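Line by line, the protein sequences are chains A and B. Just so you know, the first sequence maps onto residues 1 to 399 in the working numbering. Just so you know, the second sequence maps onto residues 1 to 399 in the working numbering.
Just to be clear, a hint being listed does not mean it is correct.
The list that follows gives simulated cross-link-like pairs (lysine-lysine, DSS-like), each with its CA atoms no further than 27 angstroms apart [unchecked claim]:
no., chain 1, residue 1, chain 2, residue 2
1, A, 138, B, 6
2, A, 54, B, 25
3, B, 6, A, 25
4, B, 377, A, 25
5, B, 6, A, 193
6, A, 194, B, 6
7, A, 18, B, 254
8, A, 254, B, 25
To be clear about the criterion: a stretch of chain A counts as covered by chain B if any three or more of its residues have a C-beta under 8 angstroms from a C-beta of chain B, and this derived list gives those stretches [as the list claims (entries may be wrong)]:
no., stretch
9, 13-19
10, 56-62
11, 109-121
12, 129-143
13, 181-188
14, 242-255
15, 268-277
Calculated from the structure, these hints are not laboratory results. Computed from a prediction, not measured in an experiment: that's the story for all the values here. Ideal Cβ positions, reconstructed from N, Cα and C, are used throughout, including at glycine.
Residue-level listing of the chains:
There are 2 protein chains.
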Amino acid sequence: MPSVSKRGEIMPESPIRKLVPFANKAKSEGKKVYHLNIGQPDIATPAEALAAIKNIDREILEYSPSEGILSLREKLTDYYHRFKIDVATEDIIVTTGGSEAVTFAFLACLDPGDEIIVPEPSYANYTAFATIAGAEIKPIPSKIEEGFALPPIEKFEELITPRTKGILICNPNNPTGYLYTRAEMKKLRDLIKKHNLFLFSDEVYREFCYSGAPYISAFHLEGIENNVILIDSVSKRYSECGIRIGTLVTQNEKVRENVMKLCQARLSPPLIGQIAAEASLDVSEEYLLNVYDEYLDRRKFLVDGLNRIEGVYSPIPMGAFYTLAKLPIDDSDKFCQWLLEEFSYENETIFMAPATGFYTTPGLGKQEVRIAYVLKKEELAKSLRILEEALKVYPGRVG
Amino acid sequence: MPSVSKRGEIMPESPIRKLVPFANKAKSEGKKVYHLNIGQPDIATPAEALAAIKNIDREILEYSPSEGILSLREKLTDYYHRFKIDVATEDIIVTTGGSEAVTFAFLACLDPGDEIIVPEPSYANYTAFATIAGAEIKPIPSKIEEGFALPPIEKFEELITPRTKGILICNPNNPTGYLYTRAEMKKLRDLIKKHNLFLFSDEVYREFCYSGAPYISAFHLEGIENNVILIDSVSKRYSECGIRIGTLVTQNEKVRENVMKLCQARLSPPLIGQIAAEASLDVSEEYLLNVYDEYLDRRKFLVDGLNRIEGVYSPIPMGAFYTLAKLPIDDSDKFCQWLLEEFSYENETIFMAPATGFYTTPGLGKQEVRIAYVLKKEELAKSLRILEEALKVYPGRVG
Numbered sequence: 001m002p003s004v005s006k007r008g009e010i011m012p013e014s015p016i017r018k019l020v021p022f023a024n025k026a027k028s029e030g031k032k033v034y035h036l037n038i039g040q041p042d043i044a045t046p047a048e049a050l051a052a053i054k055n056i057d058r059e060i061l062e063y064s065p066s067e068g069i070l071s072l073r074e075k076l077t078d079y080y081h082r083f084k085i086d087v088a089t090e091d092i093i094v095t096t097g098g099s100e101a102v103t104f105a106f107l108a109c110l111d112p113g114d115e116i117i118v119p120e121p122s123y124a125n126y127t128a129f130a131t132i133a134g135a136e137i138k139p140i141p142s143k144i145e146e147g148f149a150l151p152p153i154e155k156f157e158e159l160i161t162p163r164t165k166g167i168l169i170c171n172p173n174n175p176t177g178y179l180y181t182r183a184e185m186k187k188l189r190d191l192i193k194k195h196n197l198f199l200f201s202d203e204v205y206r207e208f209c210y211s212g213a214p215y216i217s218a219f220h221l222e223g224i225e226n227n228v229i230l231i232d233s234v235s236k237r238y239s240e241c242g243i244r245i246g247t248l249v250t251q252n253e254k255v256r257e258n259v260m261k262l263c264q265a266r267l268s269p270p271l272i273g274q275i276a277a278e279a280s281l282d283v284s285e286e287y288l289l290n291v292y293d294e295y296l297d298r299r300k301f302l303v304d305g306l307n308r309i310e311g312v313y314s315p316i317p318m319g320a321f322y323t324l325a326k327l328p329i330d331d332s333d334k335f336c337q338w339l340l341e342e343f344s345y346e347n348e349t350i351f352m353a354p355a356t357g358f359y360t361t362p363g364l365g366k367q368e369v370r371i372a373y374v375l376k377k378e379e380l381a382k383s384l385r386i387l388e389e390a391l392k393v394y395p396g397r398v399g
Numbered sequence: 001m002p003s004v005s006k007r008g009e010i011m012p013e014s015p016i017r018k019l020v021p022f023a024n025k026a027k028s029e030g031k032k033v034y035h036l037n038i039g040q041p042d043i044a045t046p047a048e049a050l051a052a053i054k055n056i057d058r059e060i061l062e063y064s065p066s067e068g069i070l071s072l073r074e075k076l077t078d079y080y081h082r083f084k085i086d087v088a089t090e091d092i093i094v095t096t097g098g099s100e101a102v103t104f105a106f107l108a109c110l111d112p113g114d115e116i117i118v119p120e121p122s123y124a125n126y127t128a129f130a131t132i133a134g135a136e137i138k139p140i141p142s143k144i145e146e147g148f149a150l151p152p153i154e155k156f157e158e159l160i161t162p163r164t165k166g167i168l169i170c171n172p173n174n175p176t177g178y179l180y181t182r183a184e185m186k187k188l189r190d191l192i193k194k195h196n197l198f199l200f201s202d203e204v205y206r207e208f209c210y211s212g213a214p215y216i217s218a219f220h221l222e223g224i225e226n227n228v229i230l231i232d233s234v235s236k237r238y239s240e241c242g243i244r245i246g247t248l249v250t251q252n253e254k255v256r257e258n259v260m261k262l263c264q265a266r267l268s269p270p271l272i273g274q275i276a277a278e279a280s281l282d283v284s285e286e287y288l289l290n291v292y293d294e295y296l297d298r299r300k301f302l303v304d305g306l307n308r309i310e311g312v313y314s315p316i317p318m319g320a321f322y323t324l325a326k327l328p329i330d331d332s333d334k335f336c337q338w339l340l341e342e343f344s345y346e347n348e349t350i351f352m353a354p355a356t357g358f359y360t361t362p363g364l365g366k367q368e369v370r371i372a373y374v375l376k377k378e379e380l381a382k383s384l385r386i387l388e389e390a391l392k393v394y395p396g397r398v399g
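Isolated chain A (complex conformation):
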């Protein structure tokens, strides 16, 4: 049998994925499992999007342009302008989800051996996309005691080598819910400028900022217009993860040229998804406000509930719909598996994401889990109760 690629072999499997069989087994045994592990909202997709799909009046479901349907890109331009992201339609390339946007950004900018600096914990799949490009992620730990604020800029400086090509941030942050402050973003801007780096900025959660603090897009930073590559997606804000529509936005023409070669090779992003995404951009203010209020409410409920459990600590997430909480446990991988495999409370249990998968530095995240508040409050209440009861009897409890 011919041997497979080393690339595939070194690509890490997410700790969440490793737990899926245990969750399935628990369900097959009749246990109810609350999914706090993934960013799949239970919020309804906008009626406008569903109607647009029903009303498709085409005889042929044909290729769309490789860069995306023009009317969608024009509407996205207006959308970005509402956030004072002053980009032109030509700067916007439609991708097959935010995933493809990250992959294409890396492939267009990074060669094998190149390095990017990423504050950790961070979205686990960035590592997979970097591995595809042959590039390496250099992590800088942020700390739960500091609410996962941006690490000191000197720590970034220390990691910069001749192979450093960029910095990647996710803002508001998955998995921590942290929202970078204006002061932090300015420091990043200065660093990017000083070393002439790319700033990959994943801002798919921009609608979900809960504190009075402003959302500062990478595009708000002056003087690095040609360095910024914005990663975006309609998945989270319109609860339509399945349509696979994202965008890559950059004013750097050379990057766009490279990205377009990749886009042309894969022919086109999904046609029907684009139709749904375009309709979603017409969604009522009311829909977005309702979604916002719902998450705001869940966030308070979950975080308050977590901090009431003895030994548990969650910072207050300022954005997105996750929190990274610290638990009095020996090992988050073991604990999350134990919850699925051995524990139940009133024949129910919870599926959480071990934080180890969000750290590149080995050994970090062992006492932390990511909890997505994508379930209704009643379900979050039950989940909190399950967590509390579980911690009372977990054999690996510490502290």
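Following the hints, position chain B against chain A.
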């Protein structure tokens, strides 16, 4: 400005793409342009697929499983069995179009510096996908005088090095329309076995075989079950290129493991496309027969018409919906551009694909063009007339 990746810079731009601005300009000047350049059929998508989309009854357009929806994969299993491709549901991974299937196959199997042998002319985007994986395509020219039959197996042997990891074929072939014979496939099988290589087999045109000769899938070859990676797509057979649904099929568990890591990183293939694809598998026999008869008719009409033009020669394509014809011209890139930019007949012109883009060996294909018979016969008749008139006056005519 930070520098972009070398990978992106070496990725070739397809000669077809270079001509698109000229086609757009011609249209903006009021010229009618017949698109013989791309594999975008004008055939209607099955009513079953369109109805399934209209009837979607979901509140949330959520992520589907990374490997694809189970019911779709089960139906595909039955579909493959009809072609005596004896695979199990677990062997089938749903991808975002055939494009992603090729990309993931390369990433899962090939490391930077690895080589794959590909008979040329071949589908231009294979080169882009190989570039993403850092692998190199080693071409073996097939000849129009031999109807683009498989080159002698000794030519393959000559190219094999310690870095050779596989052979890629497209069968029936895009761009030539050639259908590999049983004898040729057996020779390939022996070679694959002898050198323990992967056989990447792109069989997206299996429905379109027009001669009595049998379609031999790579999966029909005995003794190399763990070497075969089948690339497939619903795009062409159901005329639904825009939904972006393909498959990667392999019995090699190690390859599937690597591919699944890539699938999980990009989360899921398009949900709505999968719903359309699943419904398409229920299409009536009549639809497929009508489509088949239509292409059969167009093929005869086009190929007969081409061979009646002085100095033009087209072999009879046995499958797919393309033919690669030889023209009495100096340079196919120049000729195709000239047709769009300078020529018109009754204010109409044609857009053909220069064959240079389908060869990796520099200098080949200069007298050849690929013509897709994806237009109605009346349009093909006009296109043939335009070609005939153009060749009479083209300044670079030779022979």
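Hint check results:
A distance of roughly 21 angstroms separates the Cα atoms of residue 138(A) and residue 6(B); the hinted pair therefore holds under the 27 angstroms criterion. Straight-line distance between C-alpha atoms of residue 54(A) and residue 25(B) comes to about 35 angstroms, which puts the hinted pair past the 27 angstroms bound. Restraint check: the Cα-Cα separation between residue 6(B) and residue 25(A) comes to about 47 angstroms, which exceeds 27 angstroms; the hinted pair is violated. Our distance criterion of 27 angstroms between C-alpha atoms is broken by residue 377(B) and residue 25(A), whose separation comes to about 57 angstroms.
Proximity of residue 6(B) to residue 193(A) is assessed by CA-CA distance (about 22 angstroms); at most 27 angstroms being required, the pair is judged to hold. Between the alpha carbons of residue 194(A) and residue 6(B) the distance comes to roughly 23 angstroms, so the proposed pair stays at or under 27 angstroms and holds. A C-alpha spacing of about 17 angstroms is found between residue 18(A) and residue 254(B), which places the hinted pair at or below 27 angstroms, so the restraint holds. Only pairs whose Cα atoms come within 27 angstroms are accepted, and residue 254(A) paired with residue 25(B) is accepted, the gap being roughly 24 angstroms.
Counting residues of the stretch 13-19 of chain A whose beta carbon lies closer than 8 angstroms to any beta carbon of chain B gives 3, which reaches the threshold of three, so the coverage claim holds. Note: the stretch 56-62 of chain A has 6 residues with beta-carbon separation from chain B under 8 angstroms; the three-residue rule is met and the coverage holds. Counting residues of the stretch 109-121 of chain A whose CB falls under 8 angstroms from any CB of chain B gives 5; the rule of at least 3 is met. With 4 residues having a Cβ less than 8 angstroms from any Cβ of chain B, the stretch 129-143 of chain A passes the three-residue criterion, so the hint holds.
With 0 residues having a Cβ less than 8 angstroms from any Cβ of chain B, the stretch 181-188 of chain A misses the three-residue criterion, and the hint is violated. For the stretch 242-255 of chain A, the stated coverage by chain B holds: 6 residues have a C-beta nearer than 8 angstroms to a C-beta of that chain, and at least 3 were required. Requiring three or more residues with a Cβ within less than 8 angstroms of a Cβ of chain B, the coverage given for the stretch 268-277 of chain A holds, as 7 such residues are present.
In this structure, the hints that do not hold are numbers 2, 3, 4 and 13, in rising order.
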